[in-house]
Each structure stands twice: as structure tokens, then as C-alpha cells.
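Trainee: Sequence:
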Amino acid sequence: MGAATVDVTDATFDAEVRKSDIPVVVDFWAEWCGPCRLIGPFLEELATEYAGKVKIVKVNVDENPDSPAQLGVRGIPALFLFKDGQVVSNKTGAAPKAALASWIQSAI
46 MGAATVDVTD ATFDAEVRKS DIPVVVDFWA EWCGPCRLIG PFLEELATEY
96 AGKVKIVKVN VDENPDSPAQ LGVRGIPALF LFKDGQVVSN KTGAAPKAAL
146 ASWIQSAI
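Count along the sequence shown from 1, then add 45; that gives the number in our numbering.
Hints were generated in silico from the structure; no laboratory data involved.
There could be a bad hint or two in this list.
To be verified - Listed below are the simulated BS3-like cross-link pairs for lysine-lysine, each with C-alpha atoms no more than 30 angstroms apart in a straight line: (1) Lys128 / Lys98; (2) Lys103 / Lys64; (3) Lys136 / Lys64; (4) Lys64 / Lys98.
Stated by the list, open to error - Label pairs and their computed distance ranges (CB to CB): (5) Ile67 / Lys136: 15 to 23 angstroms; (6) Trp77 / Thr54: 14 to 22 angstroms; (7) Thr57 / Gln131: 15 to 23 angstroms; (8) Ala75 / Lys142: 18 to 26 angstroms; (9) Ala56 / Ser151: 24 to 32 angstroms.
Quick reminder that beta carbons are idealized off the backbone N, C-alpha and C, glycines included.
Starting from the given sequences, assemble the full structure and let the hints guide the process.
Mentor: Okay, here's the thing in C-alpha cells:
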């Protein structure tokens, strides 16, 4: 069983994201955000498909305002791809699973 997405908080952001040995996709989302709920299942499937190669984590912006503020997140869903502790790519808005997969693939 591969691990699906991991919930990350402001307190665990550095350890889970910046210090990760593998690339990390961070999904900044909120309960009230329709497009966020739309891509949620795609990210769960991708987390399983990329298990061991890429970690996919979710940050609830309502509960954890610091991490998105530090990265200048203006709209959600906002996806950031970190590699070796640095942002290498980011995208805002919902996208089909295939588009998300190719975005991840191109960045790793």
C-alpha cells in the first residue's frame, strides 16, 4: 500500500517539504474551495502512482496561514513543486489529472 497525500501544517512544513529527500508537491487548499475539492482525488491517485518518487502533501490555508503567506499564495488551489528544498515550479487553479501528471513529470 503506497502512502497517499500527507497533511502538512505550518509547524511541519520545513521537515515534510523543505527537508524531503524526494521532490514534494504541495497543494494549498481549503474546504470551501470547489476547484480544490475537484483536484483532491486526482492528487490522491497521483500520490499512490508516484509513491517513493514524489511526495504529495496538502496544506489547509485556513488552518495554516503562514506557509502560503511565505510563498506568496494569492489564489487556491495553488500547487508548488519543491526539489532539494527549493520551489522549482508552481501552478494555480484546477487541472485534469493528466495535466497534473505531466506537470509533475516535467519538474522531476
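Trainee: Each of the hints needs a verdict: does it hold here or not?
Mentor: Outcome of the hint check:
no. : hint                               : result
1   : Lys128 / Lys98                     : holds (11 angstroms)
2   : Lys103 / Lys64                     : holds (16 angstroms)
3   : Lys136 / Lys64                     : holds (21 angstroms)
4   : Lys64 / Lys98                      : holds (15 angstroms)
5   : Ile67 / Lys136: 15 to 23 angstroms : holds (19 angstroms)
6   : Trp77 / Thr54: 14 to 22 angstroms  : holds (19 angstroms)
7   : Thr57 / Gln131: 15 to 23 angstroms : holds (18 angstroms)
8   : Ala75 / Lys142: 18 to 26 angstroms : holds (21 angstroms)
9   : Ala56 / Ser151: 24 to 32 angstroms : holds (31 angstroms)
Taken one by one, the earlier hints all hold for this structure without exception.
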